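**Q** Chains as they are written, first to last, in our numbering: chain A, 1 to 298; chain B, 1 to 298; chain C, 1 to 298; chain D, 1 to 298.
Bear in mind the hints are in silico, worked out from the structure with no lab data behind them. Do not take every clue at face value.
[As the list claims (entries may be wrong)] Below 30 Å or equal to it, Euclidean Cα-Cα: the simulated DSBU-like pairs (lysine-lysine) are:
1. D/Lys194 - D/Lys295
2. B/Lys275 - B/Lys194
3. A/Lys194 - A/Lys275
4. C/Lys275 - D/Lys295
5. B/Lys194 - B/Lys295
6. D/Lys295 - C/Lys194
7. C/Lys295 - A/Lys194
8. A/Lys275 - B/Lys194
9. A/Lys12 - B/Lys295
10. C/Lys194 - C/Lys295
11. B/Lys105 - D/Lys194
12. B/Lys194 - A/Lys295
13. C/Lys295 - D/Lys194
14. D/Lys275 - C/Lys194
No experiment lies behind these values; they were computed from the predicted model shown.
Number of protein chains: 4
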Amino acid sequence: MVTHIGLVGLGKMGNNMRARLRRGGIEVTGYDPRPEVSDVPTLADLVAALPAEQRVIWVMVPAGAPTRGVVDALGELLGQDDIVIEGGNSHYVEDQERAAALAVKGVGYVDVGVSGGVWGLDNGYGLMVGGSPADIASLMPVFDALRPEGPREEGFVHAGPVGAGHFAKMVHNGIEYGLMQAYAEGYELLAAKKDVITDVHGTMKAWTRGTVVRSWLLDLMVKALEQDPELELLDDWVDDSGEGRWTVDEAIDLAVPLPVISASLFARFASRQDKSPALKAVAALRQQFGGHAVKAVD
Amino acid sequence: MVTHIGLVGLGKMGNNMRARLRRGGIEVTGYDPRPEVSDVPTLADLVAALPAEQRVIWVMVPAGAPTRGVVDALGELLGQDDIVIEGGNSHYVEDQERAAALAVKGVGYVDVGVSGGVWGLDNGYGLMVGGSPADIASLMPVFDALRPEGPREEGFVHAGPVGAGHFAKMVHNGIEYGLMQAYAEGYELLAAKKDVITDVHGTMKAWTRGTVVRSWLLDLMVKALEQDPELELLDDWVDDSGEGRWTVDEAIDLAVPLPVISASLFARFASRQDKSPALKAVAALRQQFGGHAVKAVD
Amino acid sequence: MVTHIGLVGLGKMGNNMRARLRRGGIEVTGYDPRPEVSDVPTLADLVAALPAEQRVIWVMVPAGAPTRGVVDALGELLGQDDIVIEGGNSHYVEDQERAAALAVKGVGYVDVGVSGGVWGLDNGYGLMVGGSPADIASLMPVFDALRPEGPREEGFVHAGPVGAGHFAKMVHNGIEYGLMQAYAEGYELLAAKKDVITDVHGTMKAWTRGTVVRSWLLDLMVKALEQDPELELLDDWVDDSGEGRWTVDEAIDLAVPLPVISASLFARFASRQDKSPALKAVAALRQQFGGHAVKAVD
Amino acid sequence: MVTHIGLVGLGKMGNNMRARLRRGGIEVTGYDPRPEVSDVPTLADLVAALPAEQRVIWVMVPAGAPTRGVVDALGELLGQDDIVIEGGNSHYVEDQERAAALAVKGVGYVDVGVSGGVWGLDNGYGLMVGGSPADIASLMPVFDALRPEGPREEGFVHAGPVGAGHFAKMVHNGIEYGLMQAYAEGYELLAAKKDVITDVHGTMKAWTRGTVVRSWLLDLMVKALEQDPELELLDDWVDDSGEGRWTVDEAIDLAVPLPVISASLFARFASRQDKSPALKAVAALRQQFGGHAVKAVD
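One chain only, chain A, in its complex shape (with noise of 0.2 Å):
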């Protein structure tokens, strides 16, 4: 069973990560660039540091070519046995590419979903796996450290093969967008409605306990609207971060009606055009037929 292991990035999640397996009794060597934040001065001495019968590495790092560019690096250092455990937001097909290419060399790869944000290092952090029943079986220490408190299927699945971790994360954040712009409808209806509903962050917090609507994200949008009861200080700009992107266009893939979570995705792109071209072209259709009211850019 392993009770060591690398740990590449060390950001915002990272180091809360290794905070929280230190915690747990797992030991932590941990790489990051910044020689401030980092355990050891290169990847060959993270590697060199772990025990030499396997060694397991978790990598953490920003998706894409950074995560890429550190897979690629230990696809040189690790050999017959040893895993690498991918637990950013990989696309779940560039996992099933880069486990193929790791195999050729006997090195096992894993790929983890986690889930948990800033909350993860007190709470745990809800993880989905994919990967060989082998691997997963001999990580096991390390992902009950990593997991919330309770029976370990409520914070942790081997959800399938090589790939499932991520397609599982890329699903749950394709359903946290839809929940979100439920919400959030729901907000914008009272705040709306003032002549009616007077106490819009008391509503929503009178849904915490005992009603169908009642969650986790719910108990946020009431700390958030106790902090600033209009939303008055936040801009209605709402970047994505990619997985709602790749859910609308895996649910193209295998042609699956995904009215809400679209919606939802581009009730965000909308959100960061300063003019919306279509709508342009609408007023401008309008504008034709009718002589309707437009407004000129001024």
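Starting from the known structure of chain A, arrange chains B, C and D on it as the hints suggest.
**A** Just chains B, C and D now, with coordinates in the frame of chain A:
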């Protein structure tokens, strides 16, 4: 057969319709509260100017209170066998209620949905009509003068009993919302791909003959791009005139799924918001759980 | 302070609420037209059984005509300082109209949105209340007996004047539609990717702690999958109870964009159609222009 | 100027196009694996039959592997200054890749999006073209023979470099999805209101002149209703041919909100599902929390 009618409301639409009716050989006495455009000084004078055996009055004033006011006043002035034609944008249920009220006095009621906008004067107006077969039969000379050239059934329909004209027009406008949004989304996508599509206006113009998407709205889109190729002169603010809302309300009442028309309506609502409260709420949630990047209000 | 109330309607909800009220120390006299469950033979007997200085009657019968009938009858039986509590699913505008009618006789009116379903007996009911501060203050012992354990404001809110309780409950249910559809879309996507996700139930169960999407509805989803892992025993027919429709109607009235909640509602409408007339129309169009493959009715 | 071309693929579309080209004075040598329709026995014979100074071959076979196979084979047979025209439904990125591969041998590549379906033989085909100005200039006699009568720019566009033709066609088809769904939703709403609209076919026919929604698709809708007024002969099963999916994928890549076109695509996906797994999940959730009515599978 009716060959002389009264016309209440000489705004942009009413004025054009009077002109087209006269071109078509119908005698029209117009009334408008603005004396400089009115043919008679009062509504009572209008009624008095019409053939005594059957007075027919076409009402062409803004929907809601103005139409209600005129129809109520006509109810006082008219009697057995006279006909009120409501050519504005009333809700079809209002038509049904008004028809019942007028029927007590023997006054007929016909509702007409009129399509064609400012182009109707020369192209003719598409007419959707609700009412009794007898009333509509007597009004055919009037409808024939207004509708486009060509076979009657390509620009005129007796769609059903009172209310059918405005119900049909409401659905027509709901479809119009969807069509406009579809072209607008396509326009935005073409315009967003500048490295591949170097001629957006030319691309849409090339669709105006022979393609599946050719239509009058597409012709107008091309015209708008001719005048303003990047739509730089227009804001993305789009009004809605009520029929789109009624269409969705009606669909909800009938349990008819309306994803496209409702999405088109909501896009217009969003276009008129300075800041979206819902997207602020999503931004607030993301800030709560992940310390994600948000934008503070300037 | 009110410690004895009448309760009209002893169906599934009413019966459970009577039990929870009694557990909480409130005296309850129940009335139902079915003698075998009723505490008194008639509505008049119910009124007579209550404290003469202030009769308080909670109405818990189906929305629409049944509620209207009971409230009207109570209007005849009650007088100055008495209070009617409407705990069903009335539209908030009906509440406003009824309150105005009862106020003529000095009878107070309080509307309560109740959430919690069959679980409320043990977990308590989330309560959203509309009415005058004085009426609500006197009713707090009743609300405290019904609401969940814990801080009052996490399961109770005085949301505004009469109507606010049902407006808040309506929005609550609208959000609920969106949340359910978001989980459902995610479920479908997981289940569609069988070569990657080998344990759908386990994946969703692993989300129940520590993740961003954890919620009571997710717990129920997991429970449902425990009982029927492929959802083979259920049809895809989903009813809607009215509040979802009202939510979208209200949003249209207020010009609030509601893409997610409306899409959830339309998905339910579509689920109840044997054949979609709209999609038949699309099939017909494709056949017309391209000789595309269509399916004839068997 | 090119006046003799090879044409690979003599299916429904290719055959019609050969006929129209010949009517327009272009010499066409056709090749198809089915000897009974082919003008020459092999692809090599086709190449040999063309003018030696510049061989131009129009490829009109199904997208994907078939097109890839023909283009690869032509790459072996053609040389400096020859041109391959891809007139099928390739993805624009494939065009870009193929053009780069053929450019190594000096072979030009032009991609053409062709619209018009079975009606193109007589009406002409709308053409969207991507490629180099020189290649396209030399091909104008071919395009002029295929496009509809009337001004060239109303049925033809040089939309940009290689890829632009199929990008434009992809967006054209995305718009087409939205237009069809908009008419279909309107049709369903008219048909659902039988007490008011007694003539659905007549109502839509009356929109074909003078109205804002008049279009070729509307003409087809009317034709379909003429043949089958209640659409009783058709199933509600609607295929999708790929361009709609690509359109939404592309919008996601470019962060362009596409609510209407995506909703139209999802409606088609749903139309092909026997049972919706998502709606089963919603039914399961409702059963869990409220004992709501559900339908068991028969």
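**Q** Take the hints in turn and mark each one as holding or not.
**A** For each hint, the structure was consulted:
This hinted pair checks out: lysine 194 of chain D and lysine 295 of chain D have alpha carbons roughly 28 Å apart, not beyond 30 Å. A hinted pair counts as satisfied when its Cα atoms are at most 30 Å apart, and lysine 275 of chain B with lysine 194 of chain B qualifies at roughly 28 Å. Proximity of lysine 194 of chain A to lysine 275 of chain A is assessed by CA-CA distance (about 28 Å); at most 30 Å being required, the pair is judged to hold. Our distance criterion of 30 Å between C-alpha atoms is met by lysine 275 of chain C and lysine 295 of chain D, whose separation comes to about 17 Å.
Taken as a hint, the lysine 194 of chain B and lysine 295 of chain B pair is honoured in the structure, with Cα atoms around 28 Å apart against an allowance of 30 Å. Restraint check: the Cα-Cα separation between lysine 295 of chain D and lysine 194 of chain C comes to about 26 Å, which is no more than 30 Å; the hinted pair holds. Among the hinted pairs, lysine 295 of chain C with lysine 194 of chain A is inconsistent with the structure: their alpha-carbon atoms are about 51 Å apart, more than 30 Å. Proposed proximity of lysine 275 of chain A and lysine 194 of chain B is supported: the alpha carbons are some 17 Å apart, at most 30 Å.
For a cut-off of 30 Å, the pair hint linking lysine 12 of chain A to lysine 295 of chain B stands: about 20 Å separates their Cα positions. At most 30 Å may separate the alpha-carbon atoms for a hinted pair to count; lysine 194 of chain C and lysine 295 of chain C meet this at roughly 28 Å. Restraint check for lysine 105 of chain B and lysine 194 of chain D: satisfied, since their Cα atoms lie roughly 28 Å apart, inside the 30 Å limit. Restraint check for lysine 194 of chain B and lysine 295 of chain A: satisfied, since their Cα atoms lie roughly 26 Å apart, inside the 30 Å limit.
With a C-alpha separation of about 26 Å, the suggested pairing of lysine 295 of chain C with lysine 194 of chain D holds against the 30 Å cut-off. For the suggested pair lysine 275 of chain D and lysine 194 of chain C, the alpha carbons sit about 17 Å apart, so the restraint of at most 30 Å is met.
Hint 7 alone, counting from the list given before, is not met by this structure.
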